[in-house]
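K.L.:
So you can see what is in the structure, the chains are spelled out below.
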Amino acid sequence: MLETPYVTNYLTEHFGEEDYPTIEGYERVGGYRAARKALTEMSPDEVIELVKIAGLQGRGGAGFSTGMKWSFMPKDTDRPKYLVCNADESEPGSFKDRILLERGSHQMLEGILIAAWATGASTTFIYIRGEYAYPADQMERAIGEAYAKGYLGENVMGTGFRHDVRVTRGAGAYICGEETGLLESLEGKKGQPRKKPPFPAQYGAFGMPTTVNNVETFSHVPHIVEKGANWFRSFGTEKSPGTTVFGVSGHVVRPGLYELPLGTMLSEIVFEHAGGVPGGRKVKGVIPGGMSMSILPAGQLDVPMANEFLHERKTMLGTGGIIVMDETTCMVRVASVISYFFRDESCGQCTQCREGTGWINKIVDRIERGAGEEEDLEVLLDVAGKMEGQTICAFADAAAWPIQGLLRHFSDDFAEHVRQRKCPFAESFEL
Amino acid sequence: MPKITIDGTEIEASEGRTILQALDDAGLLMNGVDIPHYCWHPKLAVDGSCRLCQVEVEGIPKLQIACDTPVQDGMVVHTANDRVKAAREGVMELLLINHPLDCPICDQAGECKLQDYAYDYGVKASRSKEPRRALKKNVDLGPTIVFDQERCILCRRCVRFCREIPKTGELAVFNRGDYSVIETFPGTPLDNDYSMNVADICPVGALTTKDFRFKIRVWFLEEVAGICTGCSNGCNIHLGVANNKVYRYVPRRNDAVNDTWICDAGRMSYREIGAPDRLRECMVRDESGRLAPTGLDRAIEVAAGRLRRLIASKGAGVIAGLASAHATNEDLFTFRRFLSALGSETSGVAVVRGKADDLLIKEEKAPNGAGAREIGFGDARTVVDRISSGGIDALITLGHDALHESLLGSEKPLADLDTVIVLDTHASELQRVAHVIVPVRHAAEKLGTFVNVARRVQRVVPAVESAWETYADGEVLAKLGAALGLEGFDGSYDARQVARDLAAANPAFVGIDLDSVGDTGRLLAGSAASGAER
Chain P
1 MLETPYVTNY LTEHFGEEDY PTIEGYERVG GYRAARKALT EMSPDEVIEL
51 VKIAGLQGRG GAGFSTGMKW SFMPKDTDRP KYLVCNADES EPGSFKDRIL
101 LERGSHQMLE GILIAAWATG ASTTFIYIRG EYAYPADQME RAIGEAYAKG
151 YLGENVMGTG FRHDVRVTRG AGAYICGEET GLLESLEGKK GQPRKKPPFP
201 AQYGAFGMPT TVNNVETFSH VPHIVEKGAN WFRSFGTEKS PGTTVFGVSG
251 HVVRPGLYEL PLGTMLSEIV FEHAGGVPGG RKVKGVIPGG MSMSILPAGQ
301 LDVPMANEFL HERKTMLGTG GIIVMDETTC MVRVASVISY FFRDESCGQC
351 TQCREGTGWI NKIVDRIERG AGEEEDLEVL LDVAGKMEGQ TICAFADAAA
401 WPIQGLLRHF SDDFAEHVRQ RKCPFAESFE L
Chain D
1001 MPKITIDGTE IEASEGRTIL QALDDAGLLM NGVDIPHYCW HPKLAVDGSC
1051 RLCQVEVEGI PKLQIACDTP VQDGMVVHTA NDRVKAAREG VMELLLINHP
1101 LDCPICDQAG ECKLQDYAYD YGVKASRSKE PRRALKKNVD LGPTIVFDQE
1151 RCILCRRCVR FCREIPKTGE LAVFNRGDYS VIETFPGTPL DNDYSMNVAD
1201 ICPVGALTTK DFRFKIRVWF LEEVAGICTG CSNGCNIHLG VANNKVYRYV
1251 PRRNDAVNDT WICDAGRMSY REIGAPDRLR ECMVRDESGR LAPTGLDRAI
1301 EVAAGRLRRL IASKGAGVIA GLASAHATNE DLFTFRRFLS ALGSETSGVA
1351 VVRGKADDLL IKEEKAPNGA GAREIGFGDA RTVVDRISSG GIDALITLGH
1401 DALHESLLGS EKPLADLDTV IVLDTHASEL QRVAHVIVPV RHAAEKLGTF
1451 VNVARRVQRV VPAVESAWET YADGEVLAKL GAALGLEGFD GSYDARQVAR
1501 DLAAANPAFV GIDLDSVGDT GRLLAGSAAS GAER
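Top to bottom, those sequences are chains P and D.
Residue numbering for the first sequence follows the numbering used here, starting at 1 and increasing by one per position.
Residue numbering for the second sequence follows the numbering used here, starting at 1001 and increasing by one per position.
Among these hints, one or two may not hold up.
As the list claims (entries may be wrong) - A short list of chain P residues far from chain D (calculated; beta carbon distances all over 12 Å):
(1) E27
(2) R28
(3) T77
(4) R141
(5) V167
(6) N230
(7) G275
(8) F309
(9) M316
(10) A371
Said to hold, decoys possible - Listed next, the stretches of chain P that the computed footprint assigns to chain D, with coverage defined by at least 3 CB atoms under 8 Å from CB atoms of chain D:
(11) 352-365
(12) 382-396
Since the hints were derived computationally from the structure, they do not count as laboratory data.
Here a beta-carbon is modelled for each residue, glycine too, at the ideal position from N, C-alpha and C.
For reference, chain D alone in the conformation it holds in the complex (with noise of 0.2 Å):
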């Protein structure tokens, strides 16, 4: 492994890596190590274009490009001396005689590279005094991305971005010299499932998504780490967060799961959280056979008064649970124990599939599916078979994604059990058939893990407190066992003590629980991959 020396540190470093990969390889670049850069991305083809990356290696005259400098061992890299100063203003100079000075009204403004390098390493004032290129604004290049040309440095991050990652090729450099400009070809716009991609990696604000673009500042966001729900996959993210509202979701890098990147659909499913079809309050279906709004105590009072009876009448058999791929690890476990304790013998854990790429869109269509057939939710089929058989008089279930049209097709199935019982986020055809409907909070709004596609366990926090009065699947479920005296239930929750308990009783969790799983996440004991963990 060659070693490398920058500004008197000594570094490991890869065989075949370039300084700034390197550095990024060893957490240290802009973090530790600061070598602006525009056009390398650590995910994208090296370019070598933009020439703001450059330092003094010893021994080579010229100033080197750290992107595309190969490390070799006992390599001596200067970063930050008068030279490599200078040559940095000199393009920071450059590339601000061209660029409009519309910060005030731009999106970017904030977490803007241009922005942030010009007072790191830019010159107080410009000495040009020239007109600025004239070029076009407001460019809708497709249904996700406006464009505005002036304000492009011409990195061509977005250009190898799509050629490079969705391979869709939708963006190229036309025309020459500082003529440049980048467009879509005629009758190709920019439409691919991750084309808002390329609004995170312009490092100006020339290429904005329609969808979050004049929102807000992007100094009021708190970023919160949390996990794509859109998926299998859990895609790492940040939720941009203020007045209590996630105003988008970015991705946020992990380079065992996602990268750098996100699918579009992904992204724009924040939307889920503040939806105007979120169950707003507990409902209990009453003599005259219509929902009324109720609180919590009466939900379960009603709840468990119906399972009481049914279990008299009948025994618990005939009570069936369906669990929810959208559930995390706590709420599923808790389900379980829940299940357990009732002595119900019918469960299953009911999963949407759809399409499905080699990249990151997979083919379940929800964040936990792995999870809860790690912790005994076999497939929900058995439980639909047991429904139609006849052989199920009560249904608690978690969500409504058994509605689809390759489980229940529909509520219909469900119209003549004596009882059904609703744990679920948003509004569905559920609540045409169930007794007892409790909202519960989106993964945006709660404590727990989920483990994705490649066994990876993942957590999300309480990324904004719920709008309405909502609780987690496991805090219901716990209440409810409390309230038929289960063993085992005293009505709490925790979601750090569920965790510690599934760490107990699953040999699959061992060692994880809330905080060793951390931001990025760590894989189900047994995994193949475990090993090469870092």
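So that you can see chain P by itself, here it is in the shape it has in the complex (with noise of 0.2 Å):
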């Protein structure tokens, strides 16, 4: 049985037929007109214009005007452009994407070859995560056939542009997926963040001027501009048009792909779509987007999954990655998860961040075993605030997130802990 969401809509609606990964299965349905319509009739300031009143937001975990982000490429330069497809999905609770590449290839790379008109790119570098196989094994047949059919090389669609896109992959780290870890990794070099300024745009891969879009962003694309601006924003908030594709994983009855539009409330995601929690248990908190944002407890729910709703939970919409827990989560247990898991992947180049997430990771096991003191609580919150905003990328606030939000949010967890000098739910801990 085919993979599909179980909630589709635009860009997932045909991820269920056989053929759609296809260039015949994917033109049948209409595939490759909106990328003919853009660079037939289309200027590219048109339709970087377009794609800024459609108000698109980039679905990588920034939510960053996608149309802003292409009018920075410089117009005016000799220097060859590129544009960088991020598809190194990594995030805890995030799988998206894989879904995209897998299903949507074709999707994606008419929404790259718009985006490419655009922004005047000349290759595509899709950087793939080094787990993803199947993915870069698809994407490379269906770039493959894109070439044959003349949609990608010297003269795409016998208009005379030029467009090339490759494939890298990635070799398995979690920071390559920040845009400069990963332009660093695409030239070969170890992943590290680069310092900005100057940012991608002017000084990208290869010091070329660069774009860097998630895969999803790129796949909205062909329908904002075969559709239009006021249909894109039929779906969605004001503030957050469009649908995006919401993966639920955790304590629900029915973990998988929803895609829905933005704005969508949480408490309808989880309870309605992914069917609540198994076994009558009830959710003691639900992080909305991705293991890098701040978990919401269970009274918070009702909040539209849009950034301008979350930001006042102190939270965000990050991937739209959804993990859901139940009543017999050790929350200490899950910040020991978490903060494992940053202390893995930071890259050790910033202080605050290398030394900060090991010491989080020391403490908050401390805790989890029943050595923890009372002390502990303020200096990891002392130690998180430490992290926030110092350093050369965005990690070292996704790791102080999550650690922040489950000490506001579960306190009572951690000094459980503290008191009864061992794990409270240490029996009922199971996954």
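Put the two chains together into one complex; each comes in its own frame, and the hints tell you how they fit.
P.N.:
Dropping the structure here:
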């Protein structure tokens, strides 16, 4: 059986069709019409303007305006310009890009082609995480088909526009999903984020002007070009238009993917779409957007899944990876898992991140073992605070926020560990 | 030129410089404006990773790293308010949670930036209860450097140094996060002509030189400004002195000469000073043909007697002088005057040549070839040729560089000379043919100047007292001149006065004396770059 989202919309509606990942299957449902329209009927500036008006936000985590990002690419330059597709999906709890690569290969390629036209890029590098073997193979196949059809290469669709697409494989580092860490890795160097400025639009891959967009971001583009900004804005909220593919995991009846408009209530996704917690147990907390985002306690799930609302609750949409935890979950254990991940994945450049992630992990583990002291909680918050906003990239923030969130909403769990000098959930904890 | 205000003081900065660079240009960094920093080094690429140099820039919400924030006209910077201090304390605390508390046995103690900044900007006690990282100790990185991974704070200066300065790139950071360690690649030890600089730029005791480690506590060392004598680049150094002994050379910053670097060969040349083959006493060849120790007066008397006898029989034309590029300008100017007053017509300077690179290492393996030539000593070749053609009966030689295969090849061509007078620091084959030997001082033991390859006059001062009965070359020549009754020689020698005489006699040296050269030197008059002098 084909793996398809439980709820589909324009991005994923054909994902259940056997031949949709092939160029024939994609074209049969109208594929590549948008690219042809953009390349033959629209100027690059018109495309950028359209995407701006549509209000498409990057779906890789930061939620920055895609049209704005494209407009940062220098116009009058004889240097080659590059696009990079960030397919290094490594955020724990996030698994939407995989299916968009596997099933929506041509949809994404078409988005890339339109973005290349808009930004004047000569080459796109699709940087796919090392573990995504099948998605990488499938993308290679799709690229081959597009070249064979003349949709890529020296003379795209007979318009004289030239564009090449290459697949580059990562080697298994979370930090290579950070756009400048990705660029370093793409160049064959150790994946360590760069100081900014200069930003990639000035100095990106191989020193050339570069725009980095997420897999899903590209995938929305053909639909916007084909159906218009107003159509796109008919989904989602005023500030966050369109749909997104939510990945729901954890203690739910139906873990999986759900393409829903931005602004869908978190409670609706968890309880209605994903069927709530199995076995009649209660929800304890939900991480709304991948592991680097702050957790929301059960009482705060009545929130629309869009940044403008999530910000009020000190969290973010992130990658839309929703992780549900039920009442049997030990939040100290959760903190331990999260802090171990960030300790392990910190690139180690900046002092606060390198030392802070390790220290937090050691303290949390000690509390979980029952050897914590009351003052440890204060130290945890203080160290997390000192990591925030002081480093080269946002990794340190991403490592600090979930810990701050867990301490903010579940300080009782931590206090109980200290008081009982053991994990009160030790018996029930079994994943 | 953008003007920026730092803690209420306005400074002018050059376009395109960062805050730290602008302060460094103005000579204010850690010298009036204290912005502690680890990864930033004035001569290496900006890294921006240690995050210690954070400052508050008005109008920017987040603290900014001073090393990588370009100056803008009107920028107002605060380097010491509570917010900045809290951030600094945060970084210091984090750096210290894994740093071993082994200062009592650490060689860097006393010149350790982690120690210094912990006192200045740290908190009193650590809140960490966790075990420190256990990593490799005593890692042999190559022939010159030993590495303690636990002490390393991962500022990566050494990594950037190897990539950017010798461009050998032996070092790299391996692994990620707090498992990060600096290592060499398998089969590629840290081995280049400048490798020991990594120990200087290491802010902590992680990288130490095999040569200096465990020799002496650095707080016992007096750092005397001097010049490396290994080649004609004249790299500026500090001589580390204690107990009247030089324990090490470390580079002293001079952006016009050596930036902050020195080559390994030059660094190790401190060993010449107390070398076992230093000449320790005057010697005179007696009737039996053996060299016998004697005092300076007797040596001068014998030398003068021999020269007088030759002048009487053959005239001063048979006397040649070989200058050394290891001698100071003051020595050489005295020698020049001596030879002229004597009436000698044959002289030259012997310089040993060797491997050079495009960084610091120069072809001439002595500090003062340029000074000798400026003072009128030509190529030693002419002296060697006249000796082999039999036109010379007496040779006065400073040093033994003329023995080099490119000149005399050995002492044998001198064996038939009537008189060989040697003023030298170290023993050599010249002892086989010398009639009079006078031990002279090493550059670390005397006052004077050298002229480097770029025509910069630089000063050496006595860092140690010679352990033996040695003299400045000029002093010996002054006494010999007086003993011979030469005009203008009364037997006294004062380097300061000679320098003034040289400036008066030679237009290239105009305005240069032992005070005006200062610690960083001055270009000879008429040098191309003299207009750019600070």
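K.L.:
Decide, hint by hint, whether the structure agrees.
P.N.:
Here is what the structure says about each hint:
1. E27: holds, 44 Å
2. R28: At roughly 46 Å from the nearest Cβ of chain D, R28(P) sits farther out than 12 Å, so the non-interface label holds.
3. T77: Holds, since 21 Å exceeds 12 Å.
4. R141: holds, 33 Å
5. V167: holds, 24 Å
6. N230: It holds; N230(P) is separated from chain D by about 36 Å at its closest Cβ, greater than 12 Å.
7. G275: holds, 37 Å
8. F309: holds, 23 Å
9. M316: Fine: 18 Å to the nearest Cβ keeps M316(P) off the interface.
10. A371: violated, 9 Å
11. 352-365: holds (count 10)
12. 382-396: holds (count 6)
The structure shown violates just one earlier hint, number 10.
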